[in-house]
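Chains as they are written, first to last, in my numbering: chain A, -18 to 444; chain B, -18 to 444; chain C, -18 to 444; chain D, -18 to 444.
One should not assume that every hint holds.
If several chains are the same, the list does not tell them apart, and a pair holds so long as it fits within one copy or across any two.
[Claimed, not checked] Straight-line Cα separation of at most 20 angstroms, EDC-like style, residue types lysine to aspartate or glutamate; simulated pairs:
| hint | residue 1 | residue 2 |
| --- | --- | --- |
| 1 | K316 | D270 |
| 2 | K127 | E104 |
| 3 | K127 | E102 |
| 4 | K214 | E196 |
| 5 | K316 | E45 |
| 6 | K214 | E201 |
| 7 | K316 | D351 |
| 8 | K439 | E381 |
| 9 | K127 | E137 |
| 10 | K327 | D351 |
| 11 | K327 | D399 |
It should be emphasised that the hints constitute simulated quantities derived from the structure, not laboratory data.
What you are looking at is a predicted structure, and each value in this text was computed from that prediction instead of being measured.
There are 4 protein chains.
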Amino acid sequence: MMGGMKEHCGVFGVYDHPDAAQLTYLGLYALQHRGQESAGIAISDNSRVTCHLGMGLVTEVFPEQRLTALGGRIAAGHVRYSTTGASDVRNAQPFCVGYQQGSIAIAHNGNLVNSRELKQELEAGGSIFQSTMDSEIIVHLIARSKARTLEERVAEALSRVRGAYSLVILTGSQLIAARDPNGFRPLCIGHVDEATVLASETCALDLIRARYLREVEPGEIVTIDDDGMRSLKPFEAAPQSFCIFELIYFARPDSLMFCTSVHTTRKRQGKRLADEHPTNADLVMPIPDSGNAAALGFAESSGLPFDMGIVRNHYVGRTFIQPSARIRDLGVRVKLNPVPDVVGGKRVGVIEDSIVRGTTSRARMRALRDSGAREVHMRVSCPPLTNPCFYGIDFHTTRELVASSRSVPEIAEYIGVDSLGYLSLEGLLASMPAPAENFCLACFTGQYPVEVPKGLTKSALER
Amino acid sequence: MMGGMKEHCGVFGVYDHPDAAQLTYLGLYALQHRGQESAGIAISDNSRVTCHLGMGLVTEVFPEQRLTALGGRIAAGHVRYSTTGASDVRNAQPFCVGYQQGSIAIAHNGNLVNSRELKQELEAGGSIFQSTMDSEIIVHLIARSKARTLEERVAEALSRVRGAYSLVILTGSQLIAARDPNGFRPLCIGHVDEATVLASETCALDLIRARYLREVEPGEIVTIDDDGMRSLKPFEAAPQSFCIFELIYFARPDSLMFCTSVHTTRKRQGKRLADEHPTNADLVMPIPDSGNAAALGFAESSGLPFDMGIVRNHYVGRTFIQPSARIRDLGVRVKLNPVPDVVGGKRVGVIEDSIVRGTTSRARMRALRDSGAREVHMRVSCPPLTNPCFYGIDFHTTRELVASSRSVPEIAEYIGVDSLGYLSLEGLLASMPAPAENFCLACFTGQYPVEVPKGLTKSALER
Amino acid sequence: MMGGMKEHCGVFGVYDHPDAAQLTYLGLYALQHRGQESAGIAISDNSRVTCHLGMGLVTEVFPEQRLTALGGRIAAGHVRYSTTGASDVRNAQPFCVGYQQGSIAIAHNGNLVNSRELKQELEAGGSIFQSTMDSEIIVHLIARSKARTLEERVAEALSRVRGAYSLVILTGSQLIAARDPNGFRPLCIGHVDEATVLASETCALDLIRARYLREVEPGEIVTIDDDGMRSLKPFEAAPQSFCIFELIYFARPDSLMFCTSVHTTRKRQGKRLADEHPTNADLVMPIPDSGNAAALGFAESSGLPFDMGIVRNHYVGRTFIQPSARIRDLGVRVKLNPVPDVVGGKRVGVIEDSIVRGTTSRARMRALRDSGAREVHMRVSCPPLTNPCFYGIDFHTTRELVASSRSVPEIAEYIGVDSLGYLSLEGLLASMPAPAENFCLACFTGQYPVEVPKGLTKSALER
Amino acid sequence: MMGGMKEHCGVFGVYDHPDAAQLTYLGLYALQHRGQESAGIAISDNSRVTCHLGMGLVTEVFPEQRLTALGGRIAAGHVRYSTTGASDVRNAQPFCVGYQQGSIAIAHNGNLVNSRELKQELEAGGSIFQSTMDSEIIVHLIARSKARTLEERVAEALSRVRGAYSLVILTGSQLIAARDPNGFRPLCIGHVDEATVLASETCALDLIRARYLREVEPGEIVTIDDDGMRSLKPFEAAPQSFCIFELIYFARPDSLMFCTSVHTTRKRQGKRLADEHPTNADLVMPIPDSGNAAALGFAESSGLPFDMGIVRNHYVGRTFIQPSARIRDLGVRVKLNPVPDVVGGKRVGVIEDSIVRGTTSRARMRALRDSGAREVHMRVSCPPLTNPCFYGIDFHTTRELVASSRSVPEIAEYIGVDSLGYLSLEGLLASMPAPAENFCLACFTGQYPVEVPKGLTKSALER
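Let the sequences and hints guide you as you build the complete structure.
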């Protein structure tokens, strides 16, 4: 609709390893939390790139036979976020095409803000589009560039786009990593054996026992080929605005961001939250697993006992059917179920990583009370979410955000808790492993580091 | 092979509810941890029973269209344990057949010890067998009974079998629950709306908001039909020998067993473990998620800080491919990955629920050290497993149990930890929510409450 | 319902060939016209029999990977007729079970008339049934036999059943062929390399280049094992009553029956039909492909020009969807379409092999007229079908047979032809490659060679 | 590779019918013989076009649920030829994209000769390509056109391409048919109810009971929208060069071409063939079903008896597995099997529609002799094929054509027949329902009506 679907995604790349496809499979496996809708691997046999895509989890898209058939020493991979609605293999990535210089595949994490304008401009120039993906726009721009080398063509193309992108680009003989000047989305470099590896998060390096080298820097284009690895920084320097929501919720806790595990950062948030919003609960417990680390920090700082009073069903799949209307509201316990004798008769402090719509929290709090909780005190380890994201996180509209139109007491009443406390923006920033100026805080402040076209903001308000 | 495959399973039943199939689907969903190989639902339309079976998770076997097509007010369901090897839909349950009295379906959790003898006897009488399931034997015995009523036929059949069984039996108009005289496996009764529900664990009652009524008692046959619910206790009273491993590992933490959540029992084990085997580690952390509760108890009792230094990948599927030999040993991080700055440079106390073969623990400990742990002190919240189980838990042979042939220091060396402590049997029993005499402890003591034929024990030793 | 579903089927077997499974696959391929609902292959590894079954065509059930995984030197195969209604892989064959003497698989073509009685008797003796197949009854009888050898057990079992059966039975080390005393259904023996082959029709021998040896004789049990091939004739001699409908319609034209190709026999029927019911049409044409041979004979004898004025769509699958109601009556041209300038303005003689319900003929005749045929003269190469079949052909009830309640002129009016002529019974028999007394003519005469229980005939009348 | 894969295909379109998708489904069903690799339907909801594609037969790609979900009153459909090698859903059609003017779908039958040049030119202008289809080139050209109306843009695009195309183009509100100036491939117009229909062959009109209106003329662009149907002829008039191979082999016999059924034309070829190459065989028989009509004509003219001595297996699927090497050469009888007592001891005249490689004919002739044929006299109802086709028929290279390098006696020896006669070019043309100058005869004469670039011809020679 407005510039394509939001794209929570994970990307991965390998240069020059005999098991390039298998390593990519494993890397995507570790990044599966970044997208469960589709998966794809592009492979180069040193002259031509072929893409292998499918809907579903990495393990579903690549059964053994299909995986072992993938030869080649250079690979790029992608997992895509599961959104409701128009799921289509045509929107799976990497996006592969032929163009004047041969074949090229591109895997993209992030969201452009000027894709509508670019698309109109390209269409006016005769371009045709088969998907709604930003990556198709970028490939068109690369194909239209007259520059001599691939990295120059990529640079020229990227000079036209605005917004968030962490890219892995594959050609017959080169692997390229690129990150937007603001560095919204993560992308790191590692080594395994003699090979170079790219990944959205370090947990993917861990799984294949790759050594972490460094981040791809904001605005940097890294080219890896037989001449080694070289760097291009064609864009004007911008202050980094790393998506703070990666740290709050999206990234895996065992990934390192700013040299600190996400787990540790979240624990710090929990400690600060305890200082800002103490509670006289009998115990503190997380909404698992995203609230685990903050709850640990909260307990540590507050001295309250930590317990795991809600259990997560590990077999919750993507295809759970909500059965007949008569039993519709049973759904909430499908994923999480309170432990009755932990919460029964207790004043429980519950730690959530964030509240988006509030509907899920509301149902969970009701389940807690049904299981006997006497009082429920919710603490949230980030500030109220009041603004939509245009750079790749799935808050599409203002209206869907419960905090955009309600005060904290109103939210407390809506979700049905006895008290509610949000971590302050100062508290959040104080918990971060990097200075405040390095982060994009737009969802909390409405200050967008890369200007968002009026059309997009208007539409986000209206829907 | 020897009396059929071991059967970790979950069973469920509903009597007289317009959404019987949907409730069974949800109940099996909550019991999915008890078996991921196959799932099945048997439905009665008040005269005839039909069975719907398939390989895979409940959500895979019952896509929306298939589920909504299931009418009927009485249902029985089953999930089956995933073992490596001969997976076959012929071994899926409920097992459905026609016989002289009409059609019947049976869902079985547990393992008989005299199935070989019974099968030989039945075959000598002309019986044919299409599966390797104990349930087929029980149905043959029911079909051969000359007794007048179904419950009498069931009683007569069960008087012949020895071992562990928690059964849900469905006919055109009746639902029957039965439990062996020793009550090895769990089975409880609940109510939702006007309907009666049977389930292996209370977490399945929670999901459908059913009220817990009581356990099916050891040796009890409960018949539910239009005349209400009635009980038969045809067998000589035996001391209960509930499988203690249900509490240690197998059951979901939010299920109530002996009126106490499994979580709370495991926490008590952890406390006692801390008392028995203190450690001067810098922090205590679980192998998630099965070690969570015991680690919480350990931390609470020892005063050591609790943290979650190992992260679990939620997308680990049943079909992970071990790629090429070159990268084979990457597997261990697929499921669990340490958080480097939590464990780095630390003396970590790690809480495992149990050690079976030791190979997985060994690989995990190596990963912990690779992530920088300085010292690793493992504590195990049950005693060393030294004897195979013949009643339904998947320790097939003596040889595979690392503790059957090694002392604790030898195990410590094998799995590569700086210290290792097992909870004592006394400590385990002291943590339990019921007296010691109520449990089967055979895997720790070798004392089998129901005599095991020589052939079986011999074979368990030899393999 | 009444004695199981009717079973049009094809059976195949191989003894002692390194490619036993592949040959069986090919054999079933050639016999695919005898059943498209399900396919199965049972394989023996010289001690144990395993079965591989599935719904669909042989090529669908056995993709390359599954086929090549089948080792073993002895095999049996089965294809099953596609009926509407309760299709279930539980009714796929070969039917495989374990019993006192090991494992056994059975593939059955034909239909028993006393299955209801046998089932009741077996159930009274405690037997349980998982399918509605006659083969399950036969296996129960084999399993209950106390006889010493397999062939004696088979003989004892078959002495109890009445009706039609051509069986291929597989155990760990033996392959057995058996045919009912009346020899209703075909079954022949061939040799390829050193191996022995069994098949419903000779066209399956042709495909694998096997040499035809002989028929399994009515009432004969042929055992093939390491001691060679031996024959048992345990039953009282009965006059053969081979299903004449195999020759009229069911068998492939290139198969030899009574040493004559079915094509040649059908051509003779057509010649005789021309003599009995001449027509002054402008040309003679078949309803392809089942009317081809008779039309050739009719043209030859009558001197009328032969043409193929109706074209068959080769891609008619089993799953054609009848789209929305608005366009429902388009269905008839999906399979067959007239050639306008062949039939336009002409008096066409149309040759049908037989008329069952008459509805299909009616629609086809309307299409012929729509395409411009001036007059339509239908000739049918067998007599009016007036009685149901209880031996395995799919005329379930009397009522469905258009000729059971209508005179020839009434049928002509019903299907909308200008004239209609049926081959007389004498004419049919005169065309056959064997004497009249060798055939079952029950569908034309109501004289059933094997007595049919009252229950069955009553039910056939009433439905 | 060289200008994309050859494209045997079928196209279909409907304008303004409430069952547009269902009619398209039926139309494609009737055209299934023109392509079995993939199928697709594009639907317009009056503003936007969506495409639904898949690999396999129409019935496989569109199961009931998927078909009934397709709403919309305008539709275009496509079936694609099954070639071995790189089958990919990315090459399925209709090809759908968005461009400046909205969304557009295109279904193409035929093959361009200048696609390589156009692709290079387009790539030089920055275009990217996701497939190897000529249709993608045409869409690029349409998108780059600055013309005001769709038909003008289509005209401008088509003015650039050379070769064979019969196109159905769909936008949100228009349906366009276009045919190259030479009219290589068929495309006709019909009416059903109030709706307009387009189809490759009239047999598709028959199936949906549409009335035939006329052909789309060579070089004509027909636009159908709410203003009715209008015609544009933007290209210089060229003599028609209709593919004579459509009549010889490719089209369905019940389709009308030049107002004559293909069956009748083929029969005429057979008559002429009998005159040119009489034989003293005992009977004449076709290789079914493609040789049926010519054999009928041959028999009629020669006075020899006609018979069907070879039987076709109707269940030959696209996925037949050639089993192990040991039994590899069994394949030939999988599709066709001789009737032994028809051919045994006989001098048989066999009518083939054409000979391409000769390998299949060779195997079939061997099978005939194995079945006892004494002499085999082959007659072919077209001249020797000596030149590759660049306009859409699957003779890729010169070398593969057995007649390109062998004399008729040499071919006779190669395929193993006692005599061999080809219909002369004069005879062929005399049998046609239109004057000689209306046909493309390039495969026989090497005279290509549309100049073929040197690169293509060279490559066809060399491979």
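Taking the hints in turn, this is what the structure says about them:
In the homo-oligomer, the alpha carbons of K316 and D270 lie at most 20 angstroms apart both inside one protomer (11 angstroms) and across protomers (15 angstroms), since each shortest distance falls under that limit. Proximity of K127 to E104 under the C-alpha cut-off of 20 angstroms is found in both arrangements, the shortest distances being 18 angstroms within a copy and 11 angstroms between copies. In this assembly of identical chains, K127 and E102 lie within 20 angstroms of each other by CA distance both inside one copy and across copies; the values are 17 angstroms within and 14 angstroms between. In this assembly of identical chains, the alpha carbons of K214 and E196 lie at most 20 angstroms apart only when taken from the same copy (14 angstroms versus 60 angstroms across copies).
For the homomeric pair K316 and E45, the shortest alpha-carbon distance between copies (18 angstroms) is at most 20 angstroms, but the shortest distance inside one copy (29 angstroms) is not. Taking the closest pair of Cα atoms, K214 and E201 come within 20 angstroms of each other only inside a single copy of the chain (5 angstroms); across copies the shortest separation is 54 angstroms, beyond that limit. For the homomeric pair K316 and D351, the shortest alpha-carbon distance inside one copy (16 angstroms) is at most 20 angstroms, but the shortest distance between copies (33 angstroms) is not. Proximity of K439 and E381 under a CA criterion of 20 angstroms is satisfied intra-copy only: 14 angstroms inside one chain copy versus 63 angstroms between copies.
In this homomeric assembly, K127 and E137 come within 20 angstroms of each other (Cα to Cα) only inside a single copy, at 9 angstroms, whereas the closest approach across copies is 26 angstroms. In this assembly of identical chains, K327 and D351 lie within 20 angstroms of each other by CA distance solely inside one copy; the values are 12 angstroms within and 41 angstroms between copies. When the C-alpha separation of K327 and D399 is checked against a cutoff of 20 angstroms, the pair qualifies only within one copy, where the shortest distance is 13 angstroms, while the shortest distance between copies is 39 angstroms.
In this structure, none of the earlier numbered hints is contradicted; all agree with it.
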